[in-house]
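Asks: One letter stands for each residue in the lines below.
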Amino acid sequence: MRLAELVTAFVIALFSLYLMWESGEGPSWDPTAVRFANIGINVNNEGPGSGFWPFWLSLAMFICSIMVGINWFRRRSPPSRSTDRFLDTYGVKMFALVGGGLVVFLFLIGLIGFYGAIPIFLFYYIYFLGKHPWWLAALIGISAAVFCFFFFDVAMRIVLPKGALEPMFIPLYDIFL
Amino acid sequence: MEVVALLLDGVWAALQPTNLGLAFLGVVIGLFVGAMPGLGSVNGVAILLPFTFVIQEITGTISSPMIFLAAIYYGAMYGGAISSITLGIPGASTAVATTFDGRPMALSGNAEKALVIAAIASFVGGTLSNVIFTGAAPLLASVALKFGNPEIFALMLLAFATFIGLSGDDIPKTIISICFGLVMSAVGFDIISGAPRLLLFDSTQWFSRGIQFLVLAIGVYGIGEMLWTINSSRDSLKMTEANITLARVWDAIKSFPETWRGTTIGSFLGFFVGILPAAGATPGSLMAYGVTKMVSKNQEEFGKGRADGVAAPEAANNSASTGAMLPMMTLGIPGSPTTAVLLAGMVIWGLQPGPLLFTDQPEFVWPLIGSFYISNVIAVTVNLACIPLFLKVLRMPFSILAPLIFVLSVVGTYAAYQNIYDVWLMLIFGIGAFLLRILDYPLAPAVLAIVLGPIAEPKLRQSLLLSDGSWMIFLERPIAGPITIAAIILLLLPLYGFIRKRMKASKAS
Numbered sequence: 001m002r003l004a005e006l007v008t009a010f011v012i013a014l015f016s017l018y019l020m021w022e023s024g025e026g027p028s029w030d031p032t033a034v035r036f037a038n039i040g041i042n043v044n045n046e047g048p049g050s051g052f053w054p055f056w057l058s059l060a061m062f063i064c065s066i067m068v069g070i071n072w073f074r075r076r077s078p079p080s081r082s083t084d085r086f087l088d089t090y091g092v093k094m095f096a097l098v099g100g101g102l103v104v105f106l107f108l109i110g111l112i113g114f115y116g117a118i119p120i121f122l123f124y125y126i127y128f129l130g131k132h133p134w135w136l137a138a139l140i141g142i143s144a145a146v147f148c149f150f151f152f153d154v155a156m157r158i159v160l161p162k163g164a165l166e167p168m169f170i171p172l173y174d175i176f177l
Numbered sequence: 001m002e003v004v005a006l007l008l009d010g011v012w013a014a015l016q017p018t019n020l021g022l023a024f025l026g027v028v029i030g031l032f033v034g035a036m037p038g039l040g041s042v043n044g045v046a047i048l049l050p051f052t053f054v055i056q057e058i059t060g061t062i063s064s065p066m067i068f069l070a071a072i073y074y075g076a077m078y079g080g081a082i083s084s085i086t087l088g089i090p091g092a093s094t095a096v097a098t099t100f101d102g103r104p105m106a107l108s109g110n111a112e113k114a115l116v117i118a119a120i121a122s123f124v125g126g127t128l129s130n131v132i133f134t135g136a137a138p139l140l141a142s143v144a145l146k147f148g149n150p151e152i153f154a155l156m157l158l159a160f161a162t163f164i165g166l167s168g169d170d171i172p173k174t175i176i177s178i179c180f181g182l183v184m185s186a187v188g189f190d191i192i193s194g195a196p197r198l199l200l201f202d203s204t205q206w207f208s209r210g211i212q213f214l215v216l217a218i219g220v221y222g223i224g225e226m227l228w229t230i231n232s233s234r235d236s237l238k239m240t241e242a243n244i245t246l247a248r249v250w251d252a253i254k255s256f257p258e259t260w261r262g263t264t265i266g267s268f269l270g271f272f273v274g275i276l277p278a279a280g281a282t283p284g285s286l287m288a289y290g291v292t293k294m295v296s297k298n299q300e301e302f303g304k305g306r307a308d309g310v311a312a313p314e315a316a317n318n319s320a321s322t323g324a325m326l327p328m329m330t331l332g333i334p335g336s337p338t339t340a341v342l343l344a345g346m347v348i349w350g351l352q353p354g355p356l357l358f359t360d361q362p363e364f365v366w367p368l369i370g371s372f373y374i375s376n377v378i379a380v381t382v383n384l385a386c387i388p389l390f391l392k393v394l395r396m397p398f399s400i401l402a403p404l405i406f407v408l409s410v411v412g413t414y415a416a417y418q419n420i421y422d423v424w425l426m427l428i429f430g431i432g433a434f435l436l437r438i439l440d441y442p443l444a445p446a447v448l449a450i451v452l453g454p455i456a457e458p459k460l461r462q463s464l465l466l467s468d469g470s471w472m473i474f475l476e477r478p479i480a481g482p483i484t485i486a487a488i489i490l491l492l493l494p495l496y497g498f499i500r501k502r503m504k505a506s507k508a509s
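Going line by line, the protein sequences match chains W and X.
What the first sequence shows, in my numbering, is residues 1 to 177, in sequence order.
What the second sequence shows, in my numbering, is residues 1 to 509, in sequence order.
The shape of chain W in the complex, shown without the other chains:
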C-alpha cells in the first residue's frame, strides 16, 4: 500500500505538469501565440485568458500531490502507514477477471455490436465468475439484450452499434421500426 501511495502521487504530479503544459498552449489558429501567454489574470485587458482556469488548478493539483508525497514520507495518511498489500491475491484476481472482462466486453462491442457482446459478457460473468447455472446465465444474458433492443432501438430510437451482426437485424428493423 505504501509503494502504491507514492507511485500514485508521482503519477498525479506528472499528469498535473502535463496539464499545466497543455493549458498554456495558445489557439491553434494563431501560430505566433507564445506558450503560457494565456494563463494571466488580465490578458490584453480582456480578463483571464483561456489557460487561466486549467493552469492554476493543475498547479494546485501538483502542489497537493507533493503534499501527499510529504505525508507519505512522514507516514501521516492511513495508506502510507499501512502494511497491507495494495491489492491482495483475491483483489488482483478479481481486478483481472472483472476489469479484464469489461475491457474485452468493450472490444467485443466494436466487433459484434452491443447485442452480441451483452449476452457474452453476462454469460461470462454469471456462469464463470458467479458460478450460477448455465441456463440462468444464458437466460439473463439473452433477456438483457432483448430488453435493450426494445428499449433503445425501438422505443428511444437510439440505434446501438451492431457490428458484424448488422445483417441479422434487418428483418427486425422491418417489423419494429
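By construction, these hints were calculated from the structure, which means they are not laboratory data.
Beta carbons are placed, not taken as given, at the ideal position from N, Cα and C, and that holds for glycine.
Honestly, I wouldn't trust all of these hints.
[Claimed, not checked] Stretch by stretch, here's where chain W covers chain X in the computed footprint (C-beta under 8 Å, at least three residues):
no.: 1; segment: 63-74
no.: 2; segment: 95-101
no.: 3; segment: 173-179
no.: 4; segment: 262-275
no.: 5; segment: 397-403
no.: 6; segment: 447-461
Since the structure of chain W is provided, determine the placement of chain X on it from the hints.
Replies: Using the frame of chain W, we list chain X on its own:
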C-alpha cells in the same frame, strides 16, 4: 397564500397518472438501490439518468423525468436502513449512522421495530423538510435573483470549501479530486473565447467535444464503486431475520412517539446540514445521531439498540435530501453528490438551474415540489408494506446484480452521447476511480466539480473582467463578501485543527 395555491396545483399535477406512476417506479427503484449494499442514491440516479430521455420524449414534459429521479433519491434514503438493520452494513453511506443502533436492535430480536421506526422517522423527516422547503425556496429564489457573477462564484467556492473543511477526508487528496474534476470540465474548448484547449495527447477524436459529466459520474459510481464493493465485500453476509406480523408492526408504530426527540433533531438538523453546499445526507445523519446522543439522558444506551438512535439518522437523511434540493433549485448549486447529478440532468433537459426557474419554469418547479410530498407518502407505504419482499430481494446474489449494473453503465453512457470513445473513457475513469478509492482518495468532489466547473469558470472570469483582475471583488460586495469569508474560514478550519493538535501535543510533552 400564493405559495399554497401553487403547491396545491403542483400536488395535483404530481397526482396525474403518469407522474404518479413514475414516482411509484422511482421510489421502488430507489428502495432497491438504497437497500443493496454498494449502491446508493447517487449510483441509481447517475446510472439511470440517460434512460430519462425516453421519459421526457414520451411525456413531453420536463418535470416528469425529474419527478422520477427525485423519487429514486427519496426511495434510496428509506432503503438504506433495510440493509443497515438486517445485514449490519449500510445500504448506502447515508445510512451508516443507522447501523449504530439499528443493528443491535435487530440482533436483540427487534428487527421489525427498527425497520418500522426507520420508515416512520424517514417519513416525518421528509415531510417536515418538505414544508420548510416549500416556504423557503421561493423566498431564497427571490433573494438569489439579485446575485451576480461574483456572488454565484463565491457560493461555488463555499461548496468546495465545505468539502475540504468538513468532509474529514485527507485534505490534499480532496483538493486533488476537486481540481481534477474542474480541469476535466475545461477540456475541449474555452467557452468564452471559443479556442480549443486541453486536447489531451493531441486526440481530437476523444477530447474535442469535452468530457461529459456523465462519463465521469457513471465511471466513478457505476464501475469504480462496483469494483470496490466486489473487492471489499468478499465474505458472505449474514442476514438477521425479521419476524414481520401485522401485530408486531402495529406495536412498533405505537412505540414510535418515544423517539420524538431523535426524530425532531434529525428532521431539523438534517435539513440545515443538507442545505450546506456539498454536505448532503451522510454528514447530516451522522451529526443528527451525535447530537441526539449528546442531549439524551441515557447516553450509555446508544450503540446498544436505542430506538432514538435509529430515528435520528433516518429522519436526518431524508430531511437532508430535501435540504440539498434547496440550493440546487434556487441557486443552481448542488447540496450533495446526488443533487449534482440531478443538476446536470436539468441542464441536459434544457433547463437553466437557478433562481429564474421559479419565475420562468413554474410548470417544472411546482409539480416537482408536489411530487416530493407524494413520493414521501408512496415511500413510507411501499416500505412498510413490502419489508418482507425487500428482505427477499436483498438475497439476490451480487454476482448477478454487478454484471447487470456494468451493462447498464456501458449502454447508458453510449445512449447518452452515442460515442464509443465516451464509453472507453468512462471505463478508464471507472478503473482509475477504483484504484484511487483503495488509497482513500474521495471521488464525490470530482463528480461535483465536473458539474460545477462549466458554471464556475465563466462566473470567475466575468467577475475578474469586471474588476480588472482584482480578487477584492469577491470580498467587497455585500453578499459575495460574507460568503467568501465563510468559505475562507472553512478552508482554514483544518489548519486550525492541526495547530491546536500540535499545541496540545507540545503541552503534553
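Asks: Do at least three Cβ atoms from the segment 63-74 of chain X come closer than 8 Å to Cβ atoms of chain W?
Replies: Result for this restraint: violated, n = 0.
Asks: With a C-beta cutoff of 8 Å, work out whether three or more residues of the segment 447-461 of chain X approach chain W closely enough for the coverage to hold.
Replies: Holds, because 3 residues of the segment 447-461 of chain X bring their Cβ atoms closer than 8 Å to Cβ atoms of chain W.
Asks: If you count the residues of the segment 262-275 of chain X with a beta-carbon closer than 8 Å to a beta-carbon of chain W, do you get 3 or more?
Replies: violated (count 0)
Asks: Tell me whether the statement that chain W covers the segment 397-403 of chain X is true, taking a Cβ distance below 8 Å and needing three residues at minimum.
Replies: Coverage by chain W holds here, the residue count being 5 at a Cβ distance below 8 Å.
Asks: Confirm or reject the coverage of the segment 95-101 of chain X by chain W under the rule of 3 or more residues with a beta carbon closer than 8 Å to the chain's beta carbons.
Replies: With 0 residues in contact (Cβ-Cβ under 8 Å with chain W), the coverage given for the segment 95-101 of chain X is violated.
Asks: Do three or more residues of the segment 173-179 of chain X come closer than 8 Å to chain W, measuring C-beta to C-beta?
Replies: Holds: 4 residues of the segment 173-179 of chain X have a Cβ under 8 Å from chain W.
The structure does not agree with the numbered hints 1, 2 and 4 stated previously, though it agrees with the rest.
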